Amino acid sequence: MRRFIGQFVHPGFGLWAAALLALFWGFAGTARADLHDLTRLGGFKKIYLLPAPNEPEIDVYVMLPVGEAQATGPEGLAHYLEHLVASSADQAHGSGLRARSHNAWTSPFWTTYWNRAPLAQMDDMLRYATALFQPPDLSDAFMRSERDIVAREFDLRVADTPSASFAKAAYRHLYGAHGYGRAVVGTSDSIARLTPADALAFHARHYTPHEAFLLIFGPITPEEATPLLARHLANLPQNAGPQPPQHQPLPPAPKAGLQMHLPALTRDQVLVLGHAPAPPNMPRRTLVYAMILLESILNSAQPGSLAKPLYYDDFVVSEISIALQLLPGGQIAFQLGFSPDGDMPTAQATMRVQQLLQDLAQNGLPDATVQSQRSILQTNSRIAQQANARFALQVAMNSLQNLGEALDANDHHMALHRPSTADLNALVRALFTSPSIITATATKDIP
Amino acid sequence: MPPFLRLAMATLCALMALALPATAFEVQSHKTPNGHSFSLLTMREAGQTVVHFAWRGGDGYLPAEKGNLTELAPVLLVQGGSTDMPITELGTRLNAIGGGLLFYTGTDALHGLLIGVAGKMVPTAQLMNAVMARPAFDERWLKRLQRSFVENVTADQATTGGQAWRALREMGMGNHPLKQVRSKTPAENIKKITIADVKDWHQRSLSTGNLGIFAAGNASADEIGQAIDAALQGLPAQNKRKDYPRLNMRYPGKTILLHDPKLTKSYILVAGPLPKNYAPNQEARELGMAVLGVSDQSRLHTALRKELRATYAFSAWISDFSRDNAVLYFQGEIATPQVAQALQTIKASYTSLRQDGIGAVEFPFAKRLYANRAKTLLSQPRDAANMMAEAWLTNRSPAQGLGYGLRAASLERGTVNRVIAAEFPSFDSMTKIVVSPDAKAIKADCVITHFTQAARCR
Numbered sequence: 001m002r003r004f005i006g007q008f009v010h011p012g013f014g015l016w017a018a019a020l021l022a023l024f025w026g027f028a029g030t031a032r033a034d035l036h037d038l039t040r041l042g043g044f045k046k047i048y049l050l051p052a053p054n055e056p057e058i059d060v061y062v063m064l065p066v067g068e069a070q071a072t073g074p075e076g077l078a079h080y081l082e083h084l085v086a087s088s089a090d091q092a093h094g095s096g097l098r099a100r101s102h103n104a105w106t107s108p109f110w111t112t113y114w115n116r117a118p119l120a121q122m123d124d125m126l127r128y129a130t131a132l133f134q135p136p137d138l139s140d141a142f143m144r145s146e147r148d149i150v151a152r153e154f155d156l157r158v159a160d161t162p163s164a165s166f167a168k169a170a171y172r173h174l175y176g177a178h179g180y181g182r183a184v185v186g187t188s189d190s191i192a193r194l195t196p197a198d199a200l201a202f203h204a205r206h207y208t209p210h211e212a213f214l215l216i217f218g219p220i221t222p223e224e225a226t227p228l229l230a231r232h233l234a235n236l237p238q239n240a241g242p243q244p245p246q247h248q249p250l251p252p253a254p255k256a257g258l259q260m261h262l263p264a265l266t267r268d269q270v271l272v273l274g275h276a277p278a279p280p281n282m283p284r285r286t287l288v289y290a291m292i293l294l295e296s297i298l299n300s301a302q303p304g305s306l307a308k309p310l311y312y313d314d315f316v317v318s319e320i321s322i323a324l325q326l327l328p329g330g331q332i333a334f335q336l337g338f339s340p341d342g343d344m345p346t347a348q349a350t351m352r353v354q355q356l357l358q359d360l361a362q363n364g365l366p367d368a369t370v371q372s373q374r375s376i377l378q379t380n381s382r383i384a385q386q387a388n389a390r391f392a393l394q395v396a397m398n399s400l401q402n403l404g405e406a407l408d409a410n411d412h413h414m415a416l417h418r419p420s421t422a423d424l425n426a427l428v429r430a431l432f433t434s435p436s437i438i439t440a441t442a443t444k445d446i447p
Numbered sequence: 001m002p003p004f005l006r007l008a009m010a011t012l013c014a015l016m017a018l019a020l021p022a023t024a025f026e027v028q029s030h031k032t033p034n035g036h037s038f039s040l041l042t043m044r045e046a047g048q049t050v051v052h053f054a055w056r057g058g059d060g061y062l063p064a065e066k067g068n069l070t071e072l073a074p075v076l077l078v079q080g081g082s083t084d085m086p087i088t089e090l091g092t093r094l095n096a097i098g099g100g101l102l103f104y105t106g107t108d109a110l111h112g113l114l115i116g117v118a119g120k121m122v123p124t125a126q127l128m129n130a131v132m133a134r135p136a137f138d139e140r141w142l143k144r145l146q147r148s149f150v151e152n153v154t155a156d157q158a159t160t161g162g163q164a165w166r167a168l169r170e171m172g173m174g175n176h177p178l179k180q181v182r183s184k185t186p187a188e189n190i191k192k193i194t195i196a197d198v199k200d201w202h203q204r205s206l207s208t209g210n211l212g213i214f215a216a217g218n219a220s221a222d223e224i225g226q227a228i229d230a231a232l233q234g235l236p237a238q239n240k241r242k243d244y245p246r247l248n249m250r251y252p253g254k255t256i257l258l259h260d261p262k263l264t265k266s267y268i269l270v271a272g273p274l275p276k277n278y279a280p281n282q283e284a285r286e287l288g289m290a291v292l293g294v295s296d297q298s299r300l301h302t303a304l305r306k307e308l309r310a311t312y313a314f315s316a317w318i319s320d321f322s323r324d325n326a327v328l329y330f331q332g333e334i335a336t337p338q339v340a341q342a343l344q345t346i347k348a349s350y351t352s353l354r355q356d357g358i359g360a361v362e363f364p365f366a367k368r369l370y371a372n373r374a375k376t377l378l379s380q381p382r383d384a385a386n387m388m389a390e391a392w393l394t395n396r397s398p399a400q401g402l403g404y405g406l407r408a409a410s411l412e413r414g415t416v417n418r419v420i421a422a423e424f425p426s427f428d429s430m431t432k433i434v435v436s437p438d439a440k441a442i443k444a445d446c447v448i449t450h451f452t453q454a455a456r457c458r
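Chains as they are written, first to last, in this note's numbering: chain A, 1 to 447; chain B, 1 to 458.
Please keep in mind that the hints were generated in silico from the structure rather than gathered at the bench.
Just so it is clear, the structure is predicted and the values come from calculations on it, not from any experiment.
Certain hints may be false.
To give a feel for the contact side, a few chain B residues facing chain A, derived at Cβ under 7 Å [said to hold, decoys possible]: (1) THR88; (2) THR92; (3) GLY98; (4) VAL117; (5) ALA118; (6) ARG134; (7) ALA136; (8) ARG140; (9) GLU151; (10) THR154; (11) THR159; (12) THR264; (13) LYS265; (14) TYR312; (15) GLU333; (16) ASN372.
Every residue, glycine too, gets a C-beta built ideally from N, C-alpha and C.
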């Protein structure tokens, strides 16, 4: 499933729930989870443990900075490989039923494997974690038939979802043949052309523990985890060093936008996609937290947001949201999705949105909004930190992906202080005056 | 849904935790300063407190073609904001104090949730009151919501799963008014709803009478009492909600093929009746359902994905059409050439479970997942409050509602297997619906080309 920036163009625009929820963590429990760095045990690029004594079971995540963006050939290779690797590693307990849950997911840039079980199954979970780096031990017939399962997944997630086809086409339009333009789940044609040999070759090239992160969360102490880890990490294959990260330069954005006719849509949809170099001299952590704060402001109902003028006040759009993402090459990408409201012509709504982006770039964000939204994020971060140990897990995972190191919940809270209004405005200018922006429009009627 | 609300909803869904309240299920009875009774489950380490208001009674007073007001009106209530302040300000104020509001309708009650943090319950409740007592009910918002609603219905009924469920309801619900509520079809009826209808719903529904109030969380009883009074300030005493007539759901024991050559994929839905969800043995029924089709180790998933290689995901679940009409169903997309074989496999898997029960080796694995789920539910203030409210609506005590986890944890294999054998419907008596582009996908008792024709398959 495409998880480039997020699922911002949904098949059913307008989720039906009458809710005004700031943040509802809604959980009881001792929330504080201290982050332990166990990287010294070796094997993985980083190893972290977040003890959470009130959790009933332990979660083990292995996060590999490997995704569809690095693949070549038929689209969907990284995701197909994830299916194979998960099936193979799932034999960690032998055969028959297991007292463990597992799953895996793929994005353009990451593949993550997850297990959850009681402490007694920790050996199996670590065996699973190390087996990920062994070539999948599956019959050729199974590996070939797994393409059928992936095809069914395509049916489930994409076939009935015109907005998914639209997003795929829009990314392809902006990024062309670059890896960032590839569809994670593939297409029905490309899935049929995937081969076990290609998947195994991709595994050999990219699945190396020295580039991967291991994150353990739950009722286990460092004292309990350390000997288990030491024993299992010794079984990690000594792959021949990681491939140096290669970030192909991004292609110039096409001058023209994309127009698609998708009769299955119930309403026209527009995607504005773009990327820009990060503002110069902005430290990485400041940049990442500026992105978090800016995304939150733009999606809020406050002055300076997209929704206040376009959704709430003027009924220009029926839905609007924006997501920001730090790309592996250091650029910042954004995806803005909306649909025109009522009888508003799509072209007119698009002009209003584009004008607002230009106005924001020129005038900047109101300082009062920046301070107010920062306070809201901090308030809710504190509530979450107090109420829910899993908040710390979420912080650790997000920071691993964006900063290459895990932050604890307190670091996260403090980091929300870092970006100034000037930092945010530099980001706004970089993004919305970038030459690398395209507008893609999908209409249900023939234009 | 507005982006900032969706963000909050996504956050809500993304984070989960497990921990029992410090004092397990000591439900206290209190009265607010204004005399409203409420039940309180204190969860000292919870980060927030939830006050669950349940206004008893359905929307049975509505003409059938306006049945979907029951879903539209609560959305309009909060999206449209208050005459006190626009929704942008109201939402920002709520965000700033870590609070939230949620309204939804069941077949026999309207539910409203006040979510706040200790020390801020009263200001959060005042914002809830602004919406409940002085809603704006803006015509432009109604038009916007109606249009989105119709589009969602249109999109859903274009899917194979959406068509299968509509066919099931056409067959089973007859002309009961809940058919429009559930199926939202014909979608054009949604456009007939007016602001006057919404105002009538508001007058009938939001009251200080016929109301159950259930709180769970870490705020004190005094603060919660004040918050309840603030939330209900100015509402009329009398409630004019009205229950729907009794629904007698029918499940023809037939195989129905909905053939549409324009489709690109096939779908199987199998459904049959169960005892009421609040009747004894619900935990045993749920565990049976879990073994059948909830995890990736379930029998249906194993048979259809791992062995037959015909599906990505095929699952079982229990739901209901009304309080008295629970349903056991299994469903999923199936590779078109394998539909007939898949249906045979489903029948064999289900019949084996029903006849032979859960195996001795299998039972602890299934119970682990189920007990964890029950424990999760009981650790969350929102679910704890909801369990108390649901118990009240079904004439049970709050303690009975909160006893779910203990009942789940004490399940024994023999009991569960007896319940499965006695209460799960036979496969032959269940309705089997296949939606497919292949006219020969299955040998069917009844073939239709559109879900609106399904009633003739009864």
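Here is what the structure says about each hint:
1. THR88: holds (4 Å)
2. THR92: holds (6 Å)
3. GLY98: holds (5 Å)
4. VAL117: Status holds, d = 6 Å.
5. ALA118: violated (10 Å)
6. ARG134: violated (15 Å)
7. ALA136: violated (12 Å)
8. ARG140: For ARG140(B), the interface hint holds, since the closest Cβ of chain A sits about 6 Å away, which is under 7 Å.
9. GLU151: This interface hint holds because 4 Å falls under the 7 Å limit.
10. THR154: holds (5 Å)
11. THR159: holds (5 Å)
12. THR264: holds (6 Å)
13. LYS265: holds (5 Å)
14. TYR312: Interface hint status for TYR312(B): holds (4 Å vs cutoff 7 Å).
15. GLU333: holds (5 Å)
16. ASN372: holds (6 Å)
Of the hints listed earlier, those the structure fails to meet are numbers 5, 6 and 7, in rising order.
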